[in-house]
Amino acid sequence: MQPVRSVEGRAIPFGAANVDTDIIIPAHWLKTITREGLGRGAFEALREDPDNIFDSEEFAGSPILIAGDNFGCGSSREHAAWALRDLGITAVIAPSFSDIFASNAFKNGIVTVALPQEAIDRLMEVAATDPITIDLENQVVTTPFQDRFAFEVDPFRKQCLMEGLDEVGLTLARDASVSTYEDRQNAHMPWLAKPNGEIAA
Amino acid sequence: MMTSKPRTLSEKIWDAHVVERRDDGTALIYIDRHLVHEVTSPQAFEALRMAGRPVRRPDLTLAVPDHNVATTPRVGADGVPFPIADPLSAQQLAALEKNTADFGVPYIDANAAEQGIVHVVGPEQGFSLPGATIVCGDSHTAAHGGIGAMAFGIGTSEVEHVLATQTLLLPQSKTMEVRVVGQLGPGITSKDLILHIIGVIGTAGGTGHVIEYRGEVFEAMSVESRLTVCNMSIEGGARAGLIAPDDTVFEYLKGRPYAPTGQAWDDAVAWWRSLATDPGAEFDKSVVIDAADVEPTITWGTSPEDTAPIGGVVPDPASYADTSKRTAVERSLAYMGLTPGQKLTEVPVENIFIGSCTNSRIEDFRSAAEVLRGRTKADGVKWAIAVPGSGLVKRQAEAEGLDKIFTDAGFEWREPGCSACLAMNPDKVPPGERCASTSNRNFVGRQGPGARTHLMSPAMAAAAAVTGRLSDVRELA
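Just so you know, the sequences run in chain order A and B.
Sequential numbering of the first sequence, starting at 1, is according to my numbering.
Sequential numbering of the second sequence, starting at 1001, is according to my numbering.
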């Protein structure tokens, strides 16, 4: 994964609340077996409108998306994060995110920034005309008008994003601990450590 | 004697699965069971292949195709499987078969009797167990909480992580209690209750939390009903929801193919009994629901929190103080083709879907069949399908003669799969048409572009089929 230290550029002032992952990428796009090319299906229903914001001359290809409360709710499909990335979006700012989407975004190098609604309202205003900067290292969102909005980020996620770390590789390095756990479980709860039977199929 | 702090059910399961605690408050958590389906796994297997990594514990993993499979007959009279019409679906199904063979993962073939929706198959096979950590690349994994497991949906990168390491690095969720007091009225089902609960807490009400459902109502419920309740925890924002395992669960699991036997069974039951929330344990959040308030409940809008009792009316956007909610309701009503103040029982439906991981177990078909027995679908209902959650559910229903009741009523009796719950297989609702659906999501376009979904219980969907409009099943009794 590419390290991310900051995201800078125009932000799409989308603003909608409770955006579910079926809206971000409808199910018929989920038949793919790769991570690529899903940008075409991103926000498909909304983009049927020729005047939609995602394809507008001003905002197409912008790296930041601003949305309302509970962004990414619903299905666990990581295709939503892949679709956003393919559309060029590498950061989303919203008052809150669904747990699964936030995790999926992080694992694909997309920064999720949670800010209070008042900050979102101000950023929506700025985004209409000017760029926004998300400084991950200092955990602050700034605008060309001296706005500064500090945000919280999980320290582990921050480190992974900034160093572009491979989480699977990190955990595999803890293999001895996992084996110790398995030995203990096998001794105390063998019925849980190993399924009893087998399906004939 | 040392006294330890009273703990909740979910805290006990969490503590039993900590491999390593980290300074930042997260923990490496061991995963006991991993269910895999065709849609969210191909990229995970591909990543393992690229990195030259094996699946650490294929024996704790079980794969079954469900989202993409057609629910029309899949095998001809000669026993030869029909070709899959959609080349993309065929490719994805073939990828699951190849990936599981390459990595040695147990696989249930699309044409096996045990095939079905992954969340129906797990408990049915005894693969899902109380007290276990269970994951699947699907948000409705929460369903397995119905047998007392800590079960949650994960993304594809996490699927890869579990395949490679059998663990996940997680922050510990907060705890939330949804306590239901009193008894449900006659004719009120677990689906009505969970829709009502989501209406009360909202779609973000459980975000960051694991919900424990508590109260006599849940203790009196069958395992099937508990699975329905926990299944929709994600619609309330919670990644997991669970109910303390008890004798009802143990009786359900005993003798199932993967369940422990002999001494191991007795040891397992003893541990499962010890998992119940301790007296005095505190929850981070608590919501109390009066069971007497629960009516047969349906959704009118495009979010699962848009619920109303069947005797109610379509809400007026002007009645919402919050401007963003008002706008959302206006947009929902426009999409749904409804007018404020319209009586819900006057809304006609053209399509009926009884199925999905929420409501496709044997008791769901029994309760719908009870309404349909001796009746037929209304003329206005163009398409009505009943889709069992697994081949074993289908076989059981047929043994009880339920299939005949459905087909006599004008329903199509289908092969198991996710079907019309999500528009990624041939079962779709046409644009602009309504569907009385027993599934879990009424999002814009969920059942097909422009499709209008009303969520409800199997009995209520059957009632809608008979009358051709949204209906109170109690009036058909």
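A portion of the hints provided could be inaccurate.
[What the hints assert, rightly or not] Short, incomplete list of chain B residues facing chain A, as computed with Cβ under 10 Å: (1) Q1172; (2) T1277; (3) M1424.
[As the list claims (entries may be wrong)] Restraint-style ranges between C-beta atoms, simulated for each label pair: (4) B/G1432 with A/E36: 50 to 58 Å; (5) A/S179 with B/A1101: 38 to 46 Å; (6) B/A1051 with A/S177: 17 to 25 Å; (7) A/E36 with B/P1081: 45 to 53 Å.
[To be verified] Where chain B lies over chain A, by a calculated footprint (3+ residues, C-beta under 8 Å): (8) 30 to 44; (9) 64 to 71; (10) 98 to 109; (11) 122 to 128; (12) 151 to 161.
In short, the hints are calculated from the structure, not lab data.
We treat Cβ as the ideally placed atom computed from N, Cα and C, and that holds for glycine.
Results for each hint:
The beta carbon of B/Q1172 is not positioned within 10 Å of any beta carbon in chain A (closest approach about 12 Å), and the interface hint is therefore violated. Proximity of B/T1277 to chain A is violated relative to the hint, the smallest CB-CB distance being about 20 Å (cut-off 10 Å). This hint holds: B/M1424 has a C-beta 4 Å from the nearest C-beta of chain A, less than the 10 Å allowed. Remark: the range hint 50 to 58 Å for B/G1432 to A/E36 is contradicted by a beta-carbon distance near 33 Å.
The supplied range of 38 to 46 Å is broken by A/S179 and B/A1101, whose beta-carbon atoms lie about 26 Å from each other. About 20 Å separates the C-beta atoms of B/A1051 and A/S177, a value consistent with the hinted range of 17 to 25 Å. As the Cβ distance of A/E36 to B/P1081 is approximately 30 Å, the hint placing it in 45 to 53 Å is violated. Check result for the region 30 to 44 of chain A against chain B: holds, 6 residues qualifying (beta carbon to beta carbon below 8 Å, three or more required).
Counting residues of the region 64 to 71 of chain A whose CB lies closer than 8 Å to any CB of chain B gives 3, so the stated coverage by that chain holds, three being the minimum. Requiring three or more residues with a Cβ within less than 8 Å of a Cβ of chain B, the coverage given for the region 98 to 109 of chain A holds, as 7 such residues are present. Counting residues of the region 122 to 128 of chain A whose beta carbon lies closer than 8 Å to any beta carbon of chain B gives 0, which falls below the threshold of three, so the coverage claim is violated. Given as covered by chain B, the region 151 to 161 of chain A passes the check, having 3 residues with a CB less than 8 Å from a CB of that chain where 3 are the minimum.
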